[in-house]
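Go ahead and model the full structure; you've got the sequences and the hints to work with.
What follows is the residue order along each chain.
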Amino acid sequence: MGIILEVDQVYKHFGGVKANENVSLTVEEGSIVGLIGPNGSGKTTLFNSIVGTHPIDQGSIYFEGREISALPVPAIAKLGLLRTFQQTRIYEKLNCIQNMLVSSKPENDTVYNVFAKIPEELTEKSENLLKFVGLYQKRNLRAGDLSFGQQKLLELAMALMNEPKMLLLDEPTAGINPTLINGIIDRLIKVNKEFGITLLVIEHNMRVIMSLAQKMFCLAHGQLLAEGTPEEIKNDHRVIDAYLGVQ
Amino acid sequence: MDGILLGLLFALIAYGMALQWGVMNIINIAQGELVIMGGYIAYFMYTAGIHPAFGIIVSPIIMYFVGWFLYKSIINRVVERDLFISILATFGISILTQQLMNFVFGADVVVAQSNFGTTLLFDDSVTLPNAKIFSALVSIVFAVALVLYMKKSRLGRAIRATSQNPRAAKILGVDTEKVYAATFGINAALCGVAGSLIAITFTLHPYVGLPYTVRSFMIVIIAGLGNLPAVALSGVGLGVFEEFADYILGTEFRIAAVFLLLVVILVYRRFKLSKKREYLK
Amino acid sequence: MSKNNIIIYGLILVFGIGAPFLFPAYKLQISILWILTILALTWDIQGGQMGYNSFGNILFFGIGMYVCSSVQIGMFFPLSEWTASGGEKTFLHTTSQYFEGFTYGLILAGIIPAIVAALIGYGILGLRGHYFAICTLGIGIAAGEIAGGIELIGAGQGMTVPPWPKGIGGTELRSQFFYYLCFLTVSITFLVIKWIYQTRFGLVLNAIRDNEDKAEAMGIHTMRYKIIGWVVSAFFLGIAGGLMGNMIGYIEPTEIAFAGSTYGVFMVLMAILGGKGTLWGPVIGAAVFHIFKEGFWTFFLGWQYVALGALIIVIVIFFPEGIMGWLREKYPHRFGEVVDEADRTAQVELT
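Protein chains in written order, with my numbering: chain A, 8 to 254; chain B, 29 to 309; chain C, 542 to 892.
Hints are computed from structural coordinates only; laboratory data are not their basis. Hints should not be assumed to be uniformly reliable.
Said to hold, decoys possible - Computed list of lysine-lysine pairs in DSBU-like fashion (alpha-carbon distance at most 30 Å, straight line): (1) A:Lys124 x C:Lys544; (2) A:Lys85 x B:Lys198; (3) C:Lys871 x A:Lys100; (4) C:Lys735 x A:Lys100; (5) A:Lys241 x A:Lys25; (6) B:Lys304 x A:Lys112.
The following block contains the structure:
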């Protein structure tokens with residue numbers, strides 16, 4: 008299994024703020040990698056850089072060996088690299104099934120399909136994935152009427168609908184009812200093992216990320232602070248200091 | 029030369045437009061109509077025997093109340109909503125006032141004579157109607173006065189606070205209702221001044237408001253929302269451009285040139301931003 | 542098709558076909574109603590379904606109008622002479638010439654605006670929100686001003702369209718002919734739009750409206766859909782323009798063809814009044830609006846725009862969801878929006 012994502016010495020600033028400074032990391036295909044760090048350490052900015060939301064100032068980003076830092080968001084999405092958002096992004100006025108249908112994989116988005124009727128298999132697939140995240144009962148509800156946690160699940164399902172090769176998850180369990188978190192962990196593991204999707208996960212919930220990830224990276228003040236296995240990171244005093252705010 | 033003087037006038041109207049957009053997040057399609065209304069006030073004074081130059085004092089006062097009234101009756105229901113709603117609502121106001129003015133003042137093109145005479149410059153090779161110089165000076169004076177007012181006075185500071193963060197301002201005790209009403213009133217007053225100046229230097233007509241609206245919109249998008257010097261500069265730039273277009277393409281295409289320039293600027297901006305993977309918000 | 546739907550379609554069909562006989566004095570009015578309905582329906586593709594409020598769709602209407610007449614005339618006579626001389630006084634179309642010209646005119650009236658939409662779409666549809674709105678407003682008005690300066694098509698005076706050929710029935714037949722042509726066009730427009738909304742196209746348009754960034758982030762070619770939508774609108778708008786120009790009898794650049802400050806905005810209002818983003822909203826909105834407008838012009842002449850302005854303000858402030866929106870809220874079950882209370886409140890379970 009090779010390296011599917013490589014971030015190489017990436018710099019990104021906004022005005023005077025150095026959001027990412029000389030950040031490098033690699034993700035092995037088929038693995039689950041965690042990205043942690045206190046608030047403001049540049050995690051979401053890094054996600055945005057990887058996925059093409061903004062151009063980076065310096066450095067390179069490689070997905071499956073291909074340099075993607077100059078590509079716009081839709082092109083990167085078509086290569087199979089997707090992300091979910093901290094503040095959920097779904098189509099509020101459409102119902103859950105419609106949200107799913109419109110998220111089908113990019114190969115479906117051809118010129119010939121523009122006026123095609125929605126095929127049965129797509130509807131079936133949508134329903135199955137909604138069942139997978141536990142939203143089947145709510146499939147006819149408007150997405151905008153769902154609770155925050157439910158919207159997060161929908162967003163996850165929509166990403167799966169798109170059949171990506173790698174998924175960047177931005178705080179997937181934030182805002183989710185704690186009783187559901189174990190279920191989420193199970194599903195993410197399934198997504199990784201059975202669907203074969205590589206995961207890079209930003210998380211604040213240490214229990215969650217420790218049980219998911221095989222490798223972890225910790226950011227602080229825009230820079231890479233530490234990397235290693237969950238065990239190593241847990242015991243790394245620099246990481247502990249960063250969270251406790253000790254300079 | 030003409031263009032510069034004209035441009036300063038545009039800048040004044042644009043500043044009012046920027047004020048409302050920045051503070052209340054509304055785009056006022058009826059801006060041009062407010063200007064014309066202000067102009068008719070000056071014209072009315074002229075027909076009543078008073079020298080229309082006094083319009084620059086009377087008109088803003090009356091227009092302030094007009095603006096305040098418009099706010100209380102219509103605009104306040106539109107403020108906290110979608111920008112697009114404000115476009116439609118103010119469009120309604122604009123066609124309503126167009127016909128009202130037509131009814132009250134008739135459809136003829138009118139001018140308020142100021143009899144200011146002309147100045148000759150550069151060895152008699154350039155003639156400048158003094159009325160236009162007067163307009164330019166008045167525009168500058170009012171613009172500067174406004175900026176000072178916004179910086180120093182309580183209301184000015186309240187307005188600036190509200191534009192940055194309405195909720196925070198409310199919590200800190202600013203009466204946002206009053207601020208909004210005042211802002212709209214100030215905008216109307218600015219239009220009043222501009223209108224009186226237009227009454228003396230150009231012509232008035234009930235249906236000639238829209239181009240003024242478009243010009244001020246253009247200036248705001250070029251110059252941004254905050255910045256008076258940028259607004260002034262863009263205003264002047266636009267004024268000069270218009271005079272050129274008039275000269276080269278002929279008067280029939282003057283308005284078309286203005287609107288097309290708007291389209292060109294927006295599309296150019298869009299392509300430049302898309303390189304940075306952003307878009308105009 | 543459900544029983545209710547059949548009844549509704551049936552009633553409209555009966556009304557549509559029978560109106561010239563039931564209300565002969567109002568033929569022209571109802572023809573214009575059909576044209577207005579096309580305006581509202583096509584606007585809603587951008588405005589209601591996609592969230593791009595265009596104030597410039599009138600551009601295509603005007604282009605279609607001018608193209609149609611220019612073809613009708615230009616096929617047989619020198620266009621510049623026609624416009625210079627006031628048309629019918631010096632040139633007369635024979636019956637076959639008239640219909641031949643009209644046919645080609647209408648076809649091109651649909652195709653040329655569609656091509657224009659495709660060409661300018663990439664630049665203009667890249668703008669969002671109010672920038673798109675005002676930019677399109679600028680285009681609509683600029684087009685009118687420019688057309689007013691082109692001598693070939695009559696400049697500010699505009700041009701007359703070819704008159705109805707003598708010898709085949711008089712004004713009766715003419716108005717019936719145009720009436721049915723309008724009804725046919727609006728029916729086709731409605732059915733085509735209804736169909737495309739049920740395909741992937743409809744879903745993507747809605748996705749763009751609800752969250753364009755998300756749609757792009759999921760790999761959708763949003764620009765493709767935006768342009769296709771505009772092309773469809775432009776096509777039907779162009780044909781509507783060609784019909785309108787011929788019905789009215791003459792074309793004037795800023796008031797009739799590129800009527801940006803009137804019809805250009807009316808199409809927005811009709812769609813909002815009836816219910817943005819719904820299929821029937823624009824249809825209902827056009828009907829209600831037309832009735833109000835005719836009422837204002839008849840009873841408030843001299844004040845009609847004051848009344849209209851007031852109506853706009855009232856609609857926009859108190860009725861932004863439109864008639865369909867209001868109906869949907871009152872009778873959700875009639876719209877298939879039944880959602881089980883149990884489903885709504887159920888907890889999500891992940892076992």
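For this session: Compare the structure with the hints numbered earlier in the document and write down the numbers of the violated ones, lowest to highest.
Result: 2
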